[in-house]
Amino acid sequence: MSGKQTSPSPALWGAFLLGGAGVLAAFALVPRERFWANWVLWFVLMATLGFGSLFIVALEHLVNARWSVAIRRIPERIATLLIPVVPVGLVALGAVPVLYPGARPEAAHHKILAGKAFWLGTPFFSARTVIALALGLLGLYLLVRGSLAQDQSRDPAFNLRARKFAPAYMAIFALVTTLLAFDWISGLTPEWYSDIFGVYLFAGSFLCALSVSSLWILSLKGEGRLEGVRGDHLYNLGGFIFAFTVFWAYIGFAQYMLMWYANMPEEVIWYKIRLQGAWHVLTVLLAAVHFVIPFFLLVTRDAKGEPKNLRRAAVLMLGAHLLDMYWLVFPNLGGRPLFSWPELSFALCFGGGSLLWMRASMSRGEDMPVGDPFLREGLEFRL
Amino acid sequence: MAETFAVLGLFDSADALAKAIPGVRDRKLGRLEAYTPYPIHGIDEALGLRRSPLGGMVLVMGILGALTAFGFQYWISAVDYPIVTGGKAPWSWEAFIPIMFEVTVLFATFTAGLGMLFLLNKLPFFGHPVLQSKAISAITRDRFALALEAEGATLDPAACEAALRAAGAREIEVVPAPERAPFVTSDFVLRSLGGIFLACAGAGVLMYWAVKLFPVLPPMSYMQNQPRLNAFKPSAFFKDGFGMRAPAPGTVARGHLPLGAATQEEAAGLANPLPRTREVFEMGKAAYHNRCEVCHGALGKGQGSLTAAYGAKPANLQAQQFRDYPDGKIYWAVTKGKNQMPAHDADLSETQRWAVVHYVRALQRAQNATDADLQQAVRR
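Residue numbers (the working numbering), protein chains in the order written: chain A, 1 to 383; chain B, 1001 to 1380.
Read the hints as simulated data drawn from the structure, not as lab findings.
Remember, predicted model here, so these are calculated numbers, not experimental data.
Here a beta-carbon is modelled for each residue, glycine too, at the ideal position from N, C-alpha and C.
Keep in mind that the hints are not guaranteed to be accurate.
Only part of the chain B face toward chain A is listed, based on derived beta-carbon distances under 8 Å [stated by the list, open to error]:
1) G1042
2) I1043
3) A1046
4) L1059
5) T1085
6) G1087
7) E1094
8) A1162
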């Protein structure tokens, strides 16, 4: 059951390099705000995917789940995306003085922002981001590296260590997701507050990680790897995706409804922008692809474990999360939705790069945590 | 002999049971069912059990719940009684969503719970016939039973027994169909009515407590006992000991500009600002009817219905003295009152008072009409 060597994929490399050239061109040619908005979008997307995958792993250790032992190696491998997220995040700090009103020089003359200068200003903003990235690496070191080492050592002590660390990681995860949401997305409009916004991003993050995990599991199964992973395991993944589309809709609507009811100018403007012109179309589309369509795709019992259907739902969810990030970041640039060669280049570069990284990581360790004493129980899982 | 409900074949292990299923299933002697001490993975598929219809029922009822809540709220807020609340249009779908969500959940959970209990598990029928079998104590311990159950048509016990034996059953038991008592007995009806009566009585007592007593019990009564200023009640809060405050000197209420004239003679020069239109006369008539008529009478002759009770002598507005009054003096009397007549500046607005003056003039002219007036009226 040893992991196979990944074959080189010239198409992906080509897309990555072409995208990279486009990103460099965009840096030279398009307005800085637009360049950095793209960068922030992809940074948040990759970070949510990495942290969300680590959340799946930590969740298993936290609640002593057995079924997911059989598929745990996949989110573990995807979570290694937190390594390339570090340089992406550090470069993204360049966006802070450009995009974030709280860190711009005008903030000194703004009564509210001046009072929060310490929190919103570049130094502490950067420090928080560095801490968040470091906490991601710490989680990776304790949960993923230990699990990979267990493949050889077969030492069950890892399970005990992971179980002890998992609760702490949950607190870390909550903190990091909230920081990501508040700093990197809410921070674009610092006069707009939503307490629930961290939870909103968590829902998207978990969904994104589940979808990408499902897609890799289906892909590896297509290659004949992951023997023993059955419809029952897929059913659980589909069930989670199903449940969290509803959760996402619940949180998203709760946030919207409170602001709609209160109708306070500084709050409601955030939605007003997103409910005008072409953005309105995207808002309706987001509700459809993030909630309504996946809900009905996955509502029946058979649909959740059926590979073709699960693949369809997972691809849709991934696209929905991408649209969600775009919908959160880009309206703040003002004007109509922007989509042209810079956005495409970023998608090719960062999307292609992430795929390359994940492809390479699929040969890390065994395909299943063979050293985990609970693997057999996980494989025998039946609904 | 009673009809057969099922023929049970007992096996020693789950494996033996699983192995026996395909052979027995192919014979199609009756509905196949298994009774085991613990759940066995994959046995549903082996038995070829139909997927429970509950999921579909829940989905349909859930959607129905959402539509019900939507339609109900739409009808209430946008059609039957459209009202602007909190600055939102009557037709605001956002406000409907939480209730749609709750009603969806309500319909879905009730369908799941009650559908399972009553439709699928057939409550109020409690005793499953297999529970009456001799083998049941073994089945709940360490035996595994495969049952061929009667499905509409009667079962052929001999053929079933042969099939189960052939499949390797150690023991065979024939379970007779239970004699079902009729569902609605007089006892059942009496108990139901008694239960409903008790529930209503309990709900009544609870409701009485909730409405009458609970609001005045300590934690709730704090609200009434909080320190506050009561109108017309003394209060230690202000130095003068009054709860109510007098308006600041010189305060003028909207629509109540003070009358410039200090005496009725001074008011003689005021001119009626209102035109003599039908609307003004209607307004004056309504105000006169409400405020003046009880004393001055419908025709202004000073013989209203209240005069006898008070022994007062209201002015006869038809008297020559008042017919000669300028408008301003009548207006002054309405505003400030005169002799026993109260002031009406608090009850009637300035416009209403001037309208009353017009109306009084109309009464006077009607009671003292000349031939010229008649001709003028005829000409119109």
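So, going through the hints one by one against the coordinates:
no. : hint  : verdict
1   : G1042 : 7 Å, holds
2   : I1043 : 11 Å, violated
3   : A1046 : 13 Å, violated
4   : L1059 : 7 Å, holds
5   : T1085 : 10 Å, violated
6   : G1087 : 7 Å, holds
7   : E1094 : 5 Å, holds
8   : A1162 : 33 Å, violated
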